[in-house]
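*Asks:* The primary structure of each chain is shown beneath.
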Amino acid sequence: EAGVTQFPSHSVIEKGQTVTLRCDPISGHDNLYWYRRVMGKEIKFLLHFVKESKQDESGMPNNRFLAERTGGTYSTLKVQPAELEDSGVYFCASSGHRDGGQFFGPGTRLTVL
Amino acid sequence: QKEVEQDPGPLSVPEGAIVSLNCTYSNSAFQYFMWYRQYSRKGPELLMYTYSSGNKEDGRFTAQVDKSSKYISLFIRDSQPSDSATYLCAMRGGSYIPTFGRGTSLIVHP
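Chains as they are written, first to last, in my numbering: chain A, 1393 to 1505; chain B, 47 to 156.
Treat the hints with caution; some may be incorrect.
[Unchecked claim] One side of the interface only, derived from the structure: several residues of chain B facing chain A at Cβ under 10 Å:
| # | residue |
| --- | --- |
| 1 | 54 |
| 2 | 84 |
| 3 | 87 |
| 4 | 123 |
| 5 | 143 |
| 6 | 144 |
[As the list claims (entries may be wrong)] Keeping only pairs whose Cα atoms sit at most 30 Å apart, straight-line, the calculated DSSO-like set for lysine-lysine is:
| # | chain 1 | residue 1 | chain 2 | residue 2 |
| --- | --- | --- | --- | --- |
| 7 | B | 102 | A | 1446 |
| 8 | A | 1470 | A | 1443 |
| 9 | A | 1407 | A | 1446 |
| 10 | B | 102 | A | 1433 |
| 11 | B | 113 | A | 1443 |
| 12 | B | 113 | B | 48 |
| 13 | A | 1433 | A | 1446 |
| 14 | A | 1436 | B | 48 |
| 15 | A | 1470 | B | 48 |
| 16 | A | 1436 | B | 116 |
| 17 | B | 116 | B | 102 |
| 18 | B | 48 | A | 1446 |
| 19 | B | 113 | A | 1436 |
| 20 | A | 1436 | A | 1407 |
| 21 | A | 1443 | B | 88 |
| 22 | A | 1433 | B | 88 |
| 23 | B | 116 | B | 48 |
| 24 | A | 1433 | A | 1407 |
| 25 | A | 1470 | A | 1433 |
| 26 | A | 1436 | B | 102 |
| 27 | B | 102 | B | 48 |
| 28 | B | 48 | A | 1433 |
| 29 | A | 1470 | A | 1446 |
| 30 | A | 1470 | B | 102 |
| 31 | A | 1446 | B | 88 |
| 32 | A | 1407 | A | 1470 |
| 33 | A | 1407 | B | 88 |
| 34 | B | 88 | A | 1470 |
Note that these hints are calculated values from the structure, not bench results. Given the structure is predicted, the values throughout are model-derived calculations rather than measurements. The beta carbon of each residue, even a glycine, is placed where N, CA and C say it ideally should be.
Given the sequences, and given the hints that come with them, work out the whole structure.
*Replies:* As structure tokens, then:
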């Protein structure tokens, strides 16, 4: 069974540019989560999808971040325009049940110069 | 004060040693406790998932929760070089969103 996959693995962009991160959850998992880890800090929750609906987006830092999950399958996280403080590793996770363990992808390392 | 405190290490031990990794927390509402292992350039992998206080054992790994002290531990017996990784504790209450510690870097040298 394929795990959670994320693309790209690493992205380097300049301040002000746009970047779109993609996450493909484990097949059949309705719950999809985005997290971010800034260097030296804890992994922090960004938002949660149940199928195509946003269940909780309380962790989204500001309106420069837009997440979508069209059709309830893969999800994208767009940062527009990117700022220096957006640098970090963005993780996606999925679970079959909301209370179940979450399976993480390898992350996308975003560097904003 | 952070909700979850975890010493980042690194913790260096010889192969075969018993490793003890710990986290403290301040939120008494936390009921579910998790340990993740993260290898370099990989995502966190769920190792142990426990509810409330007590011990849970899985092979060489034992998770221990002491809610009265707000303290959780992960013990690794007969540690191997392949156990070298960052270990993250995470916990949650009624919300399904976990709060993570910073992670402890473990190095097991042959």
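*Asks:* Are the hints correct? Go through all of them and say.
*Replies:* Status of the hints after comparison with the structure:
1. 54: Because about 8 Å separates residue 54 of chain B from the closest Cβ in chain A, which is inside the 10 Å limit, the hint holds.
2. 84: 8 Å, holds
3. 87: It holds, given that the least Cβ distance between residue 87 of chain B and chain A is near 7 Å, below 10 Å.
4. 123: 23 Å, violated
5. 143: 5 Å, holds
6. 144: Interface hint status for residue 144 of chain B: holds (8 Å vs cutoff 10 Å).
7. B:102 / A:1446: Between residue 102 of chain B and residue 1446 of chain A the Cα gap is close to 34 Å, so the pair fails against 30 Å, i.e. violated.
8. A:1470 / A:1443: Measuring from Cα to Cα gives roughly 18 Å; hence the hint holds.
9. A:1407 / A:1446: 28 Å, holds
10. B:102 / A:1433: 28 Å, holds
11. B:113 / A:1443: 34 Å, violated
12. B:113 / B:48: It holds: about 17 Å lies between the C-alpha atoms, which stays within 30 Å.
13. A:1433 / A:1446: 25 Å, holds
14. A:1436 / B:48: The given pair, whose Cα atoms are some 13 Å apart, holds under the 30 Å limit.
15. A:1470 / B:48: Distance of about 29 Å is within 30 Å: holds.
16. A:1436 / B:116: 21 Å, holds
17. B:116 / B:102: Answer holds: residue 116 of chain B to residue 102 of chain B is near 17 Å, not above 30 Å.
18. B:48 / A:1446: Holds - the C-alpha atoms of residue 1446 of chain A and residue 48 of chain B are around 27 Å apart, at most 30 Å.
19. B:113 / A:1436: This hinted pair holds, its Cα atoms lying about 23 Å apart.
20. A:1436 / A:1407: The given pair, whose Cα atoms are some 22 Å apart, holds under the 30 Å limit.
21. A:1443 / B:88: 25 Å, holds
22. A:1433 / B:88: Answer holds: residue 1433 of chain A to residue 88 of chain B is near 17 Å, not above 30 Å.
23. B:116 / B:48: 13 Å, holds
24. A:1433 / A:1407: 22 Å, holds
25. A:1470 / A:1433: 22 Å, holds
26. A:1436 / B:102: Holds - the C-alpha atoms of residue 102 of chain B and residue 1436 of chain A are around 26 Å apart, at most 30 Å.
27. B:102 / B:48: Since the Cα atoms of residue 102 of chain B and residue 48 of chain B sit roughly 26 Å apart, the hinted pair holds (cutoff 30 Å).
28. B:48 / A:1433: Between residue 48 of chain B and residue 1433 of chain A the Cα gap is close to 11 Å, so the pair holds against 30 Å.
29. A:1470 / A:1446: 15 Å, holds
30. A:1470 / B:102: 40 Å, violated
31. A:1446 / B:88: 26 Å, holds
32. A:1407 / A:1470: 14 Å, holds
33. A:1407 / B:88: At roughly 26 Å apart (the allowed maximum being 30 Å), residue 88 of chain B and residue 1407 of chain A satisfy the hint.
34. B:88 / A:1470: 22 Å, holds
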